[in-house]
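Undergrad: Sequence:
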Amino acid sequence: MKLRPYKSSDLESVAHLFTASVHGLAIGHYDASQRAAWAPQPPDLSEWNERLNGLHTVVAENDDNELAGFLSYAMNGYIGLLYVSPRYPRRGVASLLYREIESTLLLAGVEVLFTEASVMARPFFHR
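Position one of the sequence shown corresponds to residue 1 (our numbering), numbered consecutively onward.
A couple of the hints might just be wrong.
Derived DEER-like restraints, expressed as beta-carbon distance ranges [said to hold, decoys possible]:
(1) E111 - S33: 37 to 47 Å
(2) A37 - P86: 33 to 43 Å
(3) D64 - G109: 30 to 40 Å
(4) P5 - E111: 15 to 25 Å
(5) D31 - L106: 30 to 40 Å
(6) N76 - R99: 15 to 25 Å
(7) A32 - M75: 16 to 26 Å
(8) A36 - D63: 31 to 41 Å
Because the hints were derived from the structure by calculation, they are not lab data.
Owing to the predicted nature of the structure, the values given are computational and were not obtained by experimental measurement.
Cβ atoms here follow ideal geometry from the backbone N, Cα and C, with glycine treated the same way.
Based on the sequences and whatever the hints tell you, model everything.
TA: Set out below in structure tokens:
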């Protein structure tokens, strides 16, 4: 798995990964109407462009350059988005992304990272 900064050409892949993640991995935590409200299909790319604008985003790719996950954050320590493809659950992708931005933010003098985690993401962030 390799990490790299988000590029504007990743927009569609990131938006679709988010939608697939919510609809594929959140089934046990949210009902269909909640998932549809959270991640409408198809994703609105202009909304996603706005959402990512102003945040720093790191993407994880497999050896075939397939997107496996992404994390978006602000330089004040706020983690806005952390999503993993349903093809890569529990394979360390989220941890890899988190450690990368944690190092970046610590070097920038940020001592506390924070987020508004979903029910299914809380155990990850409480570690």
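Undergrad: Decide, hint by hint, whether the structure agrees.
TA: Against the structure, the hints come out as follows:
{"no.": "1", "hint": "E111 - S33: 37 to 47 Å", "result": "holds, 39 Å"}
{"no.": "2", "hint": "A37 - P86: 33 to 43 Å", "result": "violated, 19 Å"}
{"no.": "3", "hint": "D64 - G109: 30 to 40 Å", "result": "holds, 37 Å"}
{"no.": "4", "hint": "P5 - E111: 15 to 25 Å", "result": "holds, 23 Å"}
{"no.": "5", "hint": "D31 - L106: 30 to 40 Å", "result": "holds, 38 Å"}
{"no.": "6", "hint": "N76 - R99: 15 to 25 Å", "result": "holds, 19 Å"}
{"no.": "7", "hint": "A32 - M75: 16 to 26 Å", "result": "violated, 36 Å"}
{"no.": "8", "hint": "A36 - D63: 31 to 41 Å", "result": "holds, 33 Å"}
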